[in-house]
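Given the sequences, and given the hints that come with them, work out the whole structure.
2 protein chains.
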Amino acid sequence: MEVVTKIEEVRAAVSGAREAGRSVGFVATMGALHEGHLSLIRRSVADTGFTVVSNYVNPTQFGPGEDFEEYPRTLEADNAACEQAGVGLVYVPLTEELYPTGHATWVEVAGLSEAFEGKARPRHLRGVATVVTKLLNIVRPDRAYFGRKDAQQLTVIRRLVRDLCLPVEIVAMPTVRDADGLAFSSRNRRLSAEERRDALCLVQALRLAEHLVNAGETEVPALFDRMHGVIDPVAAAEIDYIAAVDPDTFLRKDHVDGPTLIVLAVAVGSIRLIDNCLVGRGAEQGGEA
Amino acid sequence: MEVVTKIEEVRAAVSGAREAGRSVGFVATMGALHEGHLSLIRRSVADTGFTVVSNYVNPTQFGPGEDFEEYPRTLEADNAACEQAGVGLVYVPLTEELYPTGHATWVEVAGLSEAFEGKARPRHLRGVATVVTKLLNIVRPDRAYFGRKDAQQLTVIRRLVRDLCLPVEIVAMPTVRDADGLAFSSRNRRLSAEERRDALCLVQALRLAEHLVNAGETEVPALFDRMHGVIDPVAAAEIDYIAAVDPDTFLRKDHVDGPTLIVLAVAVGSIRLIDNCLVGRGAEQGGEA
Numbered sequence: 057m058e059v060v061t062k063i064e065e066v067r068a069a070v071s072g073a074r075e076a077g078r079s080v081g082f083v084a085t086m087g088a089l090h091e092g093h094l095s096l097i098r099r100s101v102a103d104t105g106f107t108v109v110s111n112y113v114n115p116t117q118f119g120p121g122e123d124f125e126e127y128p129r130t131l132e133a134d135n136a137a138c139e140q141a142g143v144g145l146v147y148v149p150l151t152e153e154l155y156p157t158g159h160a161t162w163v164e165v166a167g168l169s170e171a172f173e174g175k176a177r178p179r180h181l182r183g184v185a186t187v188v189t190k191l192l193n194i195v196r197p198d199r200a201y202f203g204r205k206d207a208q209q210l211t212v213i214r215r216l217v218r219d220l221c222l223p224v225e226i227v228a229m230p231t232v233r234d235a236d237g238l239a240f241s242s243r244n245r246r247l248s249a250e251e252r253r254d255a256l257c258l259v260q261a262l263r264l265a266e267h268l269v270n271a272g273e274t275e276v277p278a279l280f281d282r283m284h285g286v287i288d289p290v291a292a293a294e295i296d297y298i299a300a301v302d303p304d305t306f307l308r309k310d311h312v313d314g315p316t317l318i319v320l321a322v323a324v325g326s327i328r329l330i331d332n333c334l335v336g337r338g339a340e341q342g343g344e345a
Numbered sequence: 057m058e059v060v061t062k063i064e065e066v067r068a069a070v071s072g073a074r075e076a077g078r079s080v081g082f083v084a085t086m087g088a089l090h091e092g093h094l095s096l097i098r099r100s101v102a103d104t105g106f107t108v109v110s111n112y113v114n115p116t117q118f119g120p121g122e123d124f125e126e127y128p129r130t131l132e133a134d135n136a137a138c139e140q141a142g143v144g145l146v147y148v149p150l151t152e153e154l155y156p157t158g159h160a161t162w163v164e165v166a167g168l169s170e171a172f173e174g175k176a177r178p179r180h181l182r183g184v185a186t187v188v189t190k191l192l193n194i195v196r197p198d199r200a201y202f203g204r205k206d207a208q209q210l211t212v213i214r215r216l217v218r219d220l221c222l223p224v225e226i227v228a229m230p231t232v233r234d235a236d237g238l239a240f241s242s243r244n245r246r247l248s249a250e251e252r253r254d255a256l257c258l259v260q261a262l263r264l265a266e267h268l269v270n271a272g273e274t275e276v277p278a279l280f281d282r283m284h285g286v287i288d289p290v291a292a293a294e295i296d297y298i299a300a301v302d303p304d305t306f307l308r309k310d311h312v313d314g315p316t317l318i319v320l321a322v323a324v325g326s327i328r329l330i331d332n333c334l335v336g337r338g339a340e341q342g343g344e345a
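Those protein sequences? They're chains V and H, same order as listed. Taking the numbering used here, the leading residue of the first sequence gets 57, the next gets one more, and so forth. Taking the numbering used here, the leading residue of the second sequence gets 57, the next gets one more, and so forth.
Incorrect hints may have been included.
When chains are identical, the list treats them as one kind, so a pair holds in a single copy or across two.
Stated by the list, open to error - Here are the simulated SDA-like cross-link-like pairs (lysine to any residue), alpha carbons at most 25 Å apart as the crow flies: (1) Lys62 / Ala136; (2) Lys205 / Glu75; (3) Lys309 / Ala160; (4) Lys309 / His159; (5) Lys205 / His159; (6) Lys62 / Asp198; (7) Lys175 / Ala160; (8) Lys62 / Arg199; (9) Lys309 / Pro156; (10) Lys205 / Pro277; (11) Lys62 / Arg308.
None of these hints come from the bench; they were simulated from the model. As the structure is a prediction and not an experimental result, all values here were calculated from the model.
This is the structure we're talking about:
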C-alpha cells in the first residue's frame with residue numbers, strides 16, 4: 057500500500073493500476089476510520105482491482121464554531137486499517153493543492169442543500185459537494201462508495217454526479233451499527249460513557265418508527281409524536297430536526313406512501329449526531345436512483 | 057467525421073480514439089461557426105489526434121430577455137466546416153441529457169463571475185462554468201481550446217479547471233478579426249451594414265489604447281478619456297463598460313503596471329458586442345496562468 061499527498065502521485069498510481077487492467081474503487085473519508093468506513097473499503101476491495109482511500113478533514117465543510125479543530129485525527133491507525141483491508145493507495149491531500157491561493161469555485165446543489173443539514177450547517181453541503189467533485193476528478197474512479205448514514209450528503213452527491221456528467225458509479229452502503237445499535241460515527245469517540253447511553257435514543261426512536269410503519273401507521277405526525285416520546289425524556293438530548301422526506305429529493309412528506317426516509321439530528325451534550333432509516337413500501341430499493 | 061447527440065456515443069468515440077493511441081482535443085461552441093472558432097478547431101486538429109467539437113446553444117447562460125431564441129443556428133454549415141477542418145466528432149447535446157429533470161447543480165466561480173459580464177448578464181458565467189464542466193466531464197479531453205475574445209469567460213474557465221482539479225490543459229487562442237478589424241462573433245451576423253460600420257468603434261478604441269500605452273501612457277483614466285472620444289460620437293453605440301483589469305483576477309487596475317487587459321462591452325443598436333486587448337509590459341505572456 058502506498059501513502060501519497062500530491063495530486064500528481066495519485067494520478068500516476070491510478071494510471072499504473074489502469075494500465076495493469078485493474079478497475080478503480082474510491083472511498084472518500086475524513087479519517088478517524090470506524091466500521092462504517094471499513095464496510096465501504098472492504099466492499100470496494102472486493103468489487104474493484106485497486107482501491108483508493110482519501111483521508112482529509114475538509115475545512116470548507118465546517119462552519120465557524122463547528123468542530124473542525126476537535127475533529128479526531130488518527131492517521132497512523134487509519135493507514136494500518138487500510139493496509140489490512142487491502143487498500144492500494146491512501147491519499148492524504150495537501151490543503152494548498154485542494155484550495156490554492158485564489159480558490160473561488162464552488163459546486164452548489166440548489167434546493168437539496170438548503171434544508172436539514174444545510175440549514176443547521178450553512179455551507180456544509182457546498183463544502184462536501186465541492187471537495188467530492190475535486191476528489192472524483194483527481195482519482196477518476198469507476199465506482200465510489202458512500203454510506204447511507206449521511207443520507208442527505210448521499211443524495212447531494214448522487215445528484216451532482218448525474219448533473220455534472222461525472223463518469224462514476226455511486227454505490228450506497230447500509231449504515232453500520234455498533235452492538236448497542238448506535239450508528240458508527242467518528243464523532244462517537246467524543247461522547248462520554250453517559251452521553252453514549254443517552255445517544256441510543258436516536259436509534260430507539262428510529263426503530264420505533266420502523267415498527268409503527270410496519271404495523272400500518274402512515275401518518276407522519278403520529279410517528280413523530282411517538283419518536284418525541286422516546287427522545288424528549290432524555291435530558292441531555294436536544295432535537296435539531298426530525299423529518300420524513302423523499303429519499304431522492306429530500307422534500308418533506310406527510311404520509312408514508314412508498315419509500316420514505318426518516319432523518320433526524322440530535323445534539324447529545326455538545327456532540328451533534330445524525331441518523332436515519334428508510335421505511336415504507338419498497339424501502340429496500342428506495343434511494344437507489 | 058461522426059455527428060452524435062448522446063453522452064454515451066461521445067464516450068464510446070473518445071474511448072475508441074484513445075485506444076488507438078490518439079490524444080483528444082476539444083472545442084466547445086454554440087455553433088454559428090466563424091473564423092474565430094475555426095482557428096481553435098484547426099489548432100486542435102494540428103495539436104491532437106482526435107478533435108471533438110460540441111455545438112450547443114446553452115440555455116442556462118442566457119438571461120430572461122436575452123437573445124437565446126434569436127441566437128443564430130447553422131448546424132449544417134457548421135458540420136461542413138468541421139468536416140473540412142478535420143474534426144473527428146461533432147457532439148450536438150440533448151438538453152434532456154445535460155439538464156435532466158430535477159437538475160440542481162451549479163458551478164460558481166465566486167468573485168470572478170460578478171463584475172462586467174457577470175453584472176451585465178446575471179448568471180451568464182454560472183451557466184458557462186456549469187456547461188463547460190459538464191462538457192469536459194463528458195469528453196475528457198487532454199486539451200481544450202478557448203478564444204481570448206471572451207476574456208472573462210476564459211479566466212473563469214481557467215480558474216474552475218484549476219480549482220476543481222480537472223485534468224485538462226486549457227489553451228488560449230488569439231482573437232481572430234475580420235479584414236476591417238472587427239472581432240469575429242456569431243452575433244455579428246445580426247448587425248445591419250450601418251451597425252457593422254458603427255461597431256468598428258470598439259476596435260478603434262482598443263487600438264488607440266494600445267498605441268497610447270506603447271507611447272508611455274500608464275494612467276487608466278487618461279486612456280478611458282481617449283477611448284470615450286472614439287466611441288461616444290457614434291450615436292448607435294452605447295457603452296456598457298470599459299475597464300482595465302488584471303487578466304488573472306479581473307480586479308480593476310488604475311495604472312498599467314504589467315500585463316493589463318482592457319475590456320469593453322458596447323451595444324450597437326440592439327446587438328451587444330464585447331472585445332478586449334492586452335497591454336503593458338509582458339502583455340504577450342499575460343493571462344497564461
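Each hint tested on the structure:
1. In the homo-oligomer, the alpha carbons of lysine 62 and alanine 136 lie at most 25 Å apart inside one protomer (20 Å), although the nearest pairing across protomers, at 44 Å, exceeds that limit.
2. With identical chains, the CA atoms of lysine 205 and glutamate 75 are never at most 25 Å apart, being 35 Å at best within one copy and 40 Å at best between copies.
3. For the identical chains of this complex, lysine 309 and alanine 160 are inter-copy neighbours only, at 20 Å across copies versus 36 Å inside a copy, given an alpha-carbon limit of 25 Å.
4. In the homo-oligomer, the alpha carbons of lysine 309 and histidine 159 lie at most 25 Å apart only across protomers (21 Å), although the nearest pairing inside one protomer, at 38 Å, exceeds that limit.
5. Proximity of lysine 205 to histidine 159 under the C-alpha cut-off of 25 Å is restricted to the inter-copy arrangement: shortest distance 24 Å between copies versus 30 Å within a copy.
6. Proximity of lysine 62 and aspartate 198 under a CA criterion of 25 Å is satisfied in both settings, with 20 Å inside one chain copy and 20 Å between copies.
7. In this homomeric assembly, lysine 175 and alanine 160 come within 25 Å of each other (Cα to Cα) both inside a single copy, at 22 Å, and across copies, at 17 Å.
8. Proximity of lysine 62 and arginine 199 under a CA criterion of 25 Å is satisfied in both settings, with 21 Å inside one chain copy and 22 Å between copies.
9. In the homo-oligomer, the alpha carbons of lysine 309 and proline 156 lie at most 25 Å apart only across protomers (23 Å), although the nearest pairing inside one protomer, at 42 Å, exceeds that limit.
10. In this assembly of identical chains, the alpha carbons of lysine 205 and proline 277 lie at most 25 Å apart only when taken from the same copy (23 Å versus 58 Å across copies).
11. Taking identical chains as interchangeable, the C-alpha atoms of lysine 62 and arginine 308 are never at most 25 Å apart, the minima being 42 Å within one chain and 34 Å between chains.
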